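Asker: Make a model of the complete structure from these sequences and hints.
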Amino acid sequence: MTGAFPLIRLLDKGAVVFLVLLGAFAIAIPVLNLLVPSSSALHVSTYLVALFGKYLCYALLALSIDLIWGYAGILSLGHGAFFALGGYAMGMYLMRQIGTRGVYANPILPDFMVFLNWPELPVYWYGFDYFAYAALMVLLVPGALAFVFGWFAFRSRVTGVYLSIITQALTYALLLGFFRNNFGFGGNNGLTDFKDILGFNVQAETTRNALLVTSCIALAFGFLICRAIVTSKFGKVLVAIRDAESRTRFLGYRVEAYKLFVFTLSACMAGVAGALYVPQVGIINPSEFAPGNSIEAVIWVAVGGRGTLTGAVLGAFVVNYAKTYFTSGILAPYWLFMLGGLFIGTTLLMPRGIIGTYNHWRANRSEKKVAAAPVASPSAAE
Amino acid sequence: MRSFHDRMVALVCALGFVLAAAAMAHADPYEDALAGFTEGSLSDTGDAINKIAASGNPLAAQLLQAAEDARLMFSAAQKKVFIKTQDDKLLDAATGKEFTGPPPDDIDTVIVNNRLRGIIDAVIGSLTLMSPNTSQRFDAAQAVFKSRQASALPALDKALAAERDPRVKKAMNEARAAIVLTDETSGAADKIAAITVIRDRGDQDSLGLLDGLPANLPPNVHAAVRAASAKIQSTLAIWNSVQNAWYGLSLGSVLLLAAIGLAITFGVMGVINMAHGEMVMLGAYTTFVVQDLIRTYNPALFDYSLVIAVPLAFLVAGGAGVVIERTIIRFLYGRPLETLLATWGLSLILQQVVRTIFGPTNKDVGNPSWMSGAFDLGGITITYNRMWIIVFTMVVFVTLLAMLRFTRLGLEMRAVTQNRAMAAAMGIRTARIDALTFGLGSGIAGMAGVALSQIDNVSPNLGQGYIIDSFMVVVFGGVGNLWGTLVGAFTLGIANKFLEPYAGAVLGKIAILIFIILFIQKRPRGMFALKGRAVEA
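Protein chains in written order, with the numbering used here: chain W, 3 to 384; chain L, 75 to 611.
Calculated directly from the structure, the hints in this document are not laboratory data. Owing to the predicted nature of the structure, the values given are computational and were not obtained by experimental measurement. Even for Gly, the Cβ is constructed at its ideal location relative to N, Cα and C. It is possible that part of the hints are untrue.
Some chain W residues close to chain L (C-beta under 7 Å, calculated; not the full set) [unchecked claim]:
hint, residue
1, 77
2, 168
3, 171
4, 175
5, 339
6, 350
Quick partial rundown of chain L residues pointing at chain W, CB under 10 Å, derived from the structure [to be verified]:
hint, residue
7, 406
8, 541
9, 587
Answerer: Laid out in structure tokens, this is it:
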């Protein structure tokens, strides 16, 4: 029993449904794109493959935000910074892979450095021609920044809106920094014109499908990690911190250590999401650091249902699909009204989000007293 | 050129008396010099310029200006020089009359290079030294100071003797000193006297002049140059600091104006209003509308447009604030993170509303006459708009402080801040106070928008640029304390401006943000934190 019990706890019905759906998605999309002829009604265009791949990365970012906001009560308005840092690490690898195929055909220096008359490759670009090193940096750079930032912030008990504001300041500072040409990351234009990833052409259909499947695997893996955390005793302490931080501290838990761990882990997840995002959209530039992006990611979580994990993924898909749909047509001028309305409507009318509301409704209907998933209570936010 | 002249003289002798008058005209130094322009070589052109300047002919200034603007033409075949006017008419340079008839086939522009342009500037300067217009004489003296052409010395001495205006006289003396100093033939005593004059001028140009002197000067002159240079540098450094402090005060007042409303909503009510920047924007657009109406109906009132706009902006933004509080924010009390998200959504909507009504482009908001221009105070330049904004900020701040301290509404606001439950028990209608407080904070943001419309682009994104800075000010200064906001705004403003010369504007800003991030770790509730039970409430 002891062997099977954690697994059952880890994979409740909702989690299984989610993983099965994700697996079906990972298989169906490449099949429909590569094997079904383009004349068929069932064919999925390569544009859609790239679009869904992008959504999957957003979903992983939303998951990382849900882990800290939904379960530990840390509202980070700067998670886009970790996402973008992961993206830049991957972008640097992709830049180095261009080699002599750039406009200036310099085997060492990326085009923008040749353009700006850089004599040699800066030290912090060393090693990015190796994928393994870049992959390590994808985890390490956001993780290290989150660790240092969290170390200071949580130890001095910066909480609630103060934390939100300084995380926003953090991403704003990075935005300003990355806009500078002499920072060595391509300035305003960022990194783009990628050719290869691991020897495969990033534009090729097969590569795009492979990236989509990789994103699905990363999302599933991230989901399992989050589930493992929130269903463990560690997760219960996190919820206790969210609902009554002082009380948890007085009970003898080292609140800052718990928060620091989960914050750093979440930043690493966001970094991975960014790293998968960059080869699929083909560009990374400083606008990814814009504070607005980070806040938008938070609203995905709120729409889907804070503190439900699956809700974060659902929210990322729903909001981004709506964004794609509305910003491309004649309704484009009204998208910001809708997005703004979504922010207000969700917080005022549906604070539990889609999944949370559904769980609540089902729990009421079956009159079970067991609280299935830890549902975010509106008053918990501190 | 010389041979041409000789041949001309010979021809005159041959033709006898009849043509003597024409020959006299050719012997005139002005017309003589004109021939130099027809040679097409830079050195001949240079000689010609100096001769033209020395000729004293009333056409000289016009001709030289034309040469500098590449409007001076010549024909090598006809040995004629033409001035092309701004409206493309050809004047005969010798007579100044319009040249009728077809232009010569080989007409070409007289080429001047940068060296010649320098000479032209200098000689034009010396030509206008005797101008009856004071400011023209002053500019001429400045031009001579910059060019330091030794050839201008006689003209300068003549002008100096006749000069009555003390300001122009000083400028001429400085110009004279600059020439003496750079002229190798002048004596050591003259040079040391000149150094004193230059030192007393004490600006960046003087420093450049002293530093640019050759190293092979006599030892005593060299020492004087070094001493004067050091003196100027220290004076300049002080004025530079004063100027930076002034810029910092100006930036600080802008920050204070933007943040002060936030300090009220955040401090008194604990509400994070991400749409605060949009209240500023509403104020700026109110100014635009007011100016637009005035332009259409009564342009004479334009100078009063800001005075009219300030109360209107307060009402518009304040009214919007009350509506927002009643419809959204009051349902979210006690849930600050949700408030933050909802008000962010609101800011998106407000931006889009303004974009839909007024369009996405920048709107042109004008400066009334009393807001434009600048004046010099010692070694710094003060622009009127910045000065009035500082004054306005101070007036708003003091008024607000007095309002909180001495009025019934202020008393009730403070009561609600300190202990909401107790205030309610004493019969204060806290919900009404909440709405009015939020309206007050928003209204002040609207007034800030009027001021910001004078120095920033009025666009739907106006507020976005200030929101993060405003939050930084409030968090840095300490929540719920207006004095903290004041000190925070000016500290950040001045620190920003002092960092800029060393780190650049962007890095300076990053440094400030990092500083605040670290500062919050040390003092999580800001510089002037509330103490006691209110902290955890």
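Asker: Hint by hint, note whether the structure agrees.
Answerer: Cross-check of the supplied hints:
Because the closest C-beta pair between residue 77/W and chain L is about 5 Å apart, less than 7 Å, the hint holds. For residue 168/W, the interface hint holds, since its Cβ comes within 7 Å of a Cβ in chain L; the closest pair sits about 5 Å apart. The interface hint given for residue 171/W is met, as the beta carbon of that residue sits about 5 Å from the closest beta carbon of chain L, less than 7 Å. With its C-beta approaching chain L no nearer than about 4 Å, residue 175/W sits inside the 7 Å limit, and its interface hint holds.
Here the hint on residue 339/W is kept, as its CB sits about 6 Å from the closest CB of chain L, short of 7 Å. Nearest Cβ of chain L to the Cβ of residue 350/W: about 6 Å, under the 7 Å cut. The hint holds. Taking 10 Å as the C-beta cut-off, the interface hint given for residue 406/L holds, the closest approach to chain W being about 7 Å. A distance limit of 10 Å between C-beta atoms decides the matter here; for residue 541/L the minimum to chain W is near 9 Å, and the interface restraint holds.
Given the 10 Å rule on beta carbons, the hint for residue 587/L holds: about 4 Å separates it from the nearest Cβ of chain W.
Figure legend: structure checked against the earlier numbered hints; every hint is met.
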